[in-house]
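Based on the sequences and whatever the hints tell you, model everything.
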Amino acid sequence: MTLPCPWYECDSRIIAAHQQPATLIELCLSRGIDSHRLLRGTGLFVEDVPKADTLISPAQFLTLIDNAQRLLGADDSSFLFGQRLLPGHHGAASQALALANNLQQALELLGELRALLSPLLTPRLLLDEHHAYLYWLDSCGAGEQQRFLLEANMTAVVAMSRRLGGEHLPWQCHFRQAPPRYIEQYWVNLGEDLHFNRPYNLLRLPREHLTRPWPQTVQSTAQVACQQARAQLHGLGADASLLDTLQRWLFRHVRQAPNLDHAAAAFAMSPATLKRKLHKHGTSYQEQHDQIRMLVALYLYQLKGYSNDEVASHLRFHDATNFRRSFKRWTGLAPSTLLALLRG
Amino acid sequence: MPSLLHHHRLKLTALFLAANLGLLLHLAVGDLKAVAEWVWLDIVGEGGSTVLALVWLGLILKSRPAGRVTNLLAIGLSCVFFSWWIDLLDEFIRLPDAITWDHWLESAPMPVGLLFLTYGIYHWHHEQLAISQQMEKRERLFREHRLFDKLTPLGGADYLRKQLELSLQQSAREQQPLSLLVVDINAFDGINQRFGHGEGDRVLQAVTQLLLLNLRQQDLLCRLAGDRFVVLLPNTGETLATQLAGELAESLRHLAHKSRQHGERIQLSATAATVMALQETPENLLQRLNLALAKAKRPLALSA
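Chain order of the listed sequences is A and B. Using the numbering used here, read the first sequence as starting at 1 and increasing by one per residue. Using the numbering used here, read the second sequence as starting at 1 and increasing by one per residue.
Just so you know, these hints were derived from the structure itself, not from any lab. Just so you know, nobody snuck in bad clues.
Here are some of the chain A residues that sit facing chain B, going by a computed Cβ distance under 8 Å:
{"no.": "1", "residue": "S30"}
{"no.": "2", "residue": "A74"}
{"no.": "3", "residue": "D76"}
{"no.": "4", "residue": "Q83"}
{"no.": "5", "residue": "A159"}
{"no.": "6", "residue": "R162"}
{"no.": "7", "residue": "R163"}
{"no.": "8", "residue": "Y182"}
{"no.": "9", "residue": "E184"}
{"no.": "10", "residue": "Q185"}
{"no.": "11", "residue": "W187"}
{"no.": "12", "residue": "V188"}
{"no.": "13", "residue": "N189"}
{"no.": "14", "residue": "E192"}
Note that beta-carbon positions come from the ideal geometry of N, C-alpha and C, so glycine has one too.
What follows is the structure in structure tokens.
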């Protein structure tokens, strides 16, 4: 199915039902959940799930996740789901991951093939001298399901690195949310290095672990799998969601301080249409813009060692006072306070 | 019809027939009252009691396995229901004054039913004691079925937190040491990958049974999360706790669990760690336990 535009939205049917959704359905069925109650409201039928051409939209998948969470009624649902996700059984994309040379290649593939491997949550890989950072950004308006998705996807990456690399890696996990009641699930699945109430959701790992060779590489098979996965992605007609595309565009143009009109022009639609589409995903231009500016500001502070004035001018604020006020609105804290907190 | 109710078809049919017979007898000799004569307060009160008696009967039959105690309770509740039912019929049907059997029908089943019920509850109590003994090492001091893990079934992390709170208070009061022990299966993810998640679940169930066998009567085993189990050890100091931890890890190493599909042995090993409780919150204690485990696991590069 080819979409009329190069991105997918929350109601575009782009997720193969027999991949991630089937994984979740199987988990629920193995716990004795009734399939009709599980699929209620999703517009999906049990007999259609195993068919290769059944596609569902992100919104349908989110409804399924909501049902699953409610019916399972356990704290470990997202983690059990996450353990089954990567490299997973998602065709060529999974095979390409499983045969990657090392963790860095696997994470780069995860980013490139995110529409196939992580359609609801965008992973963004960033490297500096000492560390690799894997940021997670909402790409389809997950709303209340965001926590489930984060737990599942972070668990998936941590479990994959352990499985394919054959060793425990010292991942550090940062969450925007407050510490959950069921912290023990985080301990068991993500390790002890957990940080809550942070301005971002990310996984961090010392860089030397990224390039250690993985044992099960088969170079030629891996290349074929990559090509097949890319062809599959091409067939999908979209390699990222609307929010994801907007976020990438904002990262690129953050120095011009673009407004809604600029973005709409770049997306070849009227400002009213863009506004309506963002509203459909439970967000707004302002929210997306603020989120990206905050991430860029923190990046400049933490990794580039910029001062307040330099960050303010980079982001096109008139003066540092204005910038500090905005920063406080984004994060709830002044830059100096937040940075002290993040260091401490 | 749910399976447990199915066993009680005879009892329910008999009760249905008796209730109908009572109704027919009343209709045969009495006259219907006009609506104006109905006393609504009595109808609501007596009708409500009748319905409730039936609900109790239904719940008892549905939730309990068939057997002696269930029969006693069912007979008792049936009599109570019948008595209230006849009482209710009076409100709609006027019997001639000459008739006295209706008083017998109304009043006689009640004391009989209550006697049966009392006898049944007394035996229920003994049954419960027997069942509680089976729950030994999985339950202490209080019961909350909603906090039980559905897989193993042991108390989950929330049940453990509540137990810890009580035990910490108790140990402070009685000046007795309290220790916690954690057992984490090594390379459990590998088992899931190699044998499937269904087999992983069965391993957890087998490990639960094994750990229970190796504990003392006063200990409490809970499933913290995933493949991590915590044992609460009342009146236990550090040396004894460490010894118990070693025993549990040893017993897991010797467990020869067989996979369901091909019957091959799954070799298990576990890392165990202990902490002794100080004057602290349950959350803090669990945190320390977790760090102790992380430290114990560190030399094991290839574990999960």
